[in-house]
Amino acid sequence: MRRLLIAIPYIWLLLLFLVPFGIVLKISLSDYALSIPPFTPQLDLSTGWQGFAEFWSQLDMENYWFLTDDDLYWKAYLSSLQIAALSTFFTLLVGFPIAYGMANAPEHWRPTLMLLIILPFWTSFLIRVYAWIGILSNEGFLNQFLLAIGLISAPIKILNTDIAVYIGITYTYLPFMVLPIYATLEKLDGSLLEAAEDLGCTRLQAFWAVTVPLSKPGVIAGCFLVFIPALGEFVIPSLLGGSDTLMIGKVLWEEFFSNRDWPVASAVAIILLLILVIPIILFQRNEQKQREAGN
Amino acid sequence: MTSFNVVSLTLGFAFLYIPMLILIIYSFNESKLVTVWAGFSIKWYGELLQNEAFLDAAWVTVKVGFLSSTIATVLGTMAAFVLVRSGRFFGRTLFSGMIYAPLVMPEVITGLSLLLLFISLSVDRGVFTIVLAHATFSMCYVSVVVSSRMATFDQSLEEAAYDLGCTGWDAFKSVTLPIIAPAVISGWLLAFTLSLDDLVIASFTAGPSSTTLPIKIFSSVRLGVSPEINALSTIIIGLVTVGVIVASITSKRALVRRQQETV
Amino acid sequence: MSSATVEFSPWTDPDTTPLISFEGVTKRFGNFTAIDNINLNIYPREFFALLGPSGCGKTTLMRMLGGFEEATEGTITIDGQDMAGIPANKRAVNMMFQSYALFPHLTVADNIAFGLHRSPMPKSEIQGRVDEMLRLVQLQKFAKRKPHQISGGQRQRVALARALAKAPKLLLLDEPLGALDKKLRQETQFELMDIQETTGTTFVIVTHDQEEAMTVASRIAVMDNGLLKQVDTPDRIYETPNSVYVADFIGDVNIITGTATTVDGDATQLTWAEGVAPIKGMTGARVTQGEPASFVIRPEKVSINKSEPEASNKVQGQVLDIAYLGNMSTYHVELPNRQIIKSQTANNRRIARRDITWEDTVWLSWTETAGIVLRD
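Residue numbers (the working numbering), protein chains in the order written: chain C, 1 to 295; chain H, 1 to 263; chain Y, 1 to 376.
Mixed in with the good hints there might be a few duds.
Distance condition first, Cα-Cα at most 25 Å in a straight line; then the derived SDA-like pairs of lysine to any residue [stated by the list, open to error]:
#, chain 1, residue 1, chain 2, residue 2
1, C, K187, H, S3
2, C, K157, H, R222
3, C, K26, H, D154
4, H, K252, H, V240
Worth flagging that the hints you see were computed from the coordinates, not collected in a lab.
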């Protein structure tokens, strides 16, 4: 009975999570073809061992060399890393004070504040990104506002630039940064700060000496929760970014849907996965440490 | 509370909510030019509700949502059980890795890999494939929610159930499930929301005749702002707000009740 | 203790079959041995106590009876049936959990009926049995309440009723009175004993509280580090402990170490200090002439006097401290070799009228059979 309990989700995940990655790997080693599906070789088990051997021989690393050849790809990887890292930083900058404010708010306010943070999280991601189109466009709300108060004399182009992408990522991923930090700060023992002040620190010094180091687990969790998905983001660069905004998620999408080059798209995915393996493992290690620390 | 805190909270929440407020306000704008106010009107809502394509997509989305979240809840609860209760077993690290990885995996990768799977198996893409895809990545979220509830669950309750004659399934059905029900329901709601909101994975795994609402919205907004979308957004925001408030009141009551029970 | 237990001693009768039998039972968790080769018989209708400090293995032993742990080696038999491989839900054993483990989502009545619904009892009879159980623990008025709506002591009674509902052959009680305050604990102890006698169920209780064990049990097994130190009736454990560990664990005791110079049948003499007469006591377990030994005597057996008494054992000392406990006083007397002996007497007269006070020189005395000499 226990075996069945383990087996069902396990098999599901193997079939629908792990095996697909194997397939992506295989296709990344295949060649583009004008067929349906648009790649070759195709594994045809009816041709027996001979067919299988031939199948293997046709696989090659061509697509991977292509990725290194064409500038687009490695530039896109780098650009994605840069955008994800900077966005994570901005999200931290905006999110930490919010989490801190929530943790220091009076006890009876906190459930309401939690509600206010969680509500955007449950609202459609797509809609929240869309909202910024109306704000950042040349005729958008922001430009109108700045023109109205006389700060600028002509609309500034923000939409369809990298800046819009930074704003978009920070905005949509904010709850993911605030919640872990808030969870950590909330558990902070107030008497530690009192002890620090008792020993001679000012409020600011106590903050840097006590609060910041102890908030590290939450900060790390929040950063991972933003950085890792942001790296492969598609929707935000697609809607808010320009045609020269290079993010690997967008590149993968276009390879797949516009160019119909599935093998290259697969190779792009595999490389992205390899880049992410290290952060993912670090994230899981951090979570494990948190769990063991008896949170 | 210090003034710094007040300021940062006010600015922070303003940043979070003003974009949505703008969206809502302009959905009532008479003019098609979303950014020029021409008077109050609800005509965009009317046009939206008559738009067959949107209504069809909404229906598909809701169907997919219900099906996938129910499957995800069953599978995710099983997985949570396995993770919290089963000790070491062969392949446990892989299992736990597979459960937690989708939480941080970029959706383009998950979507691509699933589509390629369906192609290899010659499965026709349609509502069925979207449901499978959503169930797969949602079950991980359900599993996280349920396993964190299971971690604080008093195991002696299950032992008492066995002691009084329950089989494994009976103990789960009669004792464990009623008690963890709130967490299971939250898991379901989370899976439902994720499914409703998903664009990328649905784009990869949908078939020609099965468009979901996010896909429809995306193709509309690529061309720019549209007041119908504003109206749709307002409706969605409204529904979510009501849902979240109801859920929070219910869960507050449940928490109070649970605090009383675990004395 | 009720008078019935005085004549109740099936363990002395070789013709009675034990209800529970542990034969060579060992339990290991990885490298740690929790239970070390235990042999034990428990008889029907006993109120048997497993007593010992934390980690001594008493809970593990009980969980093995309940079916929540399997023995690594050895055989456990209940009512003649080997329990190996039989899961908890198939045993005629029920347990009252330390945390009570009442199902929070069910009413008191539904909690009690829970096990009955999973037994062969016909549905029509279940309600009657539940009512009977509610009467037994006097909770008739609380049948419809939920566990969080009743007090701690009431919850404990629900747990008991639930565990007895199926009339099990054996009831296991895991530190049942730990969460109750002292007064309630004492009342509940007697209630438990009454219920045990009325229902005729065999009870096995796990506790670290030796007073509790002494009050309720027909026999006590004192455990330490997975081993049974002594299994006996409360009075024999108290009066004739078989080791210093047991003597020290139960109640208050004076321990004097020395050498057993003369061992003559029931009487042993212990030389313990120079220039003083050896102590005469009873011969305890494993005492060997000429070997080191310890003399143990309970404080209430030590008389205290200002003038030298006529006694087989007497020694002089100085009153260091007096602990006044209302109904009795304990005198801490320092002997010439700096050792402190406790003497306890009932306060027959008001303390102000006593003639013994701090720093007085006094005589401590006791009879030849008041204390026992033990090997270790």
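These are the hints, each one checked on the structure:
A C-alpha spacing of about 22 Å is found between K187(C) and S3(H), which places the hinted pair at or below 25 Å, so the restraint holds. About 17 Å separates the Cα atoms of K157(C) and R222(H), which keeps this hinted pair within 25 Å; it holds. The suggested pairing of K26(C) with D154(H) is violated, with an alpha-carbon distance near 47 Å, which exceeds 25 Å. This hinted pair checks out: K252(H) and V240(H) have alpha carbons roughly 18 Å apart, not beyond 25 Å.
Hint compliance for this structure: hint 3 is the single one not met.
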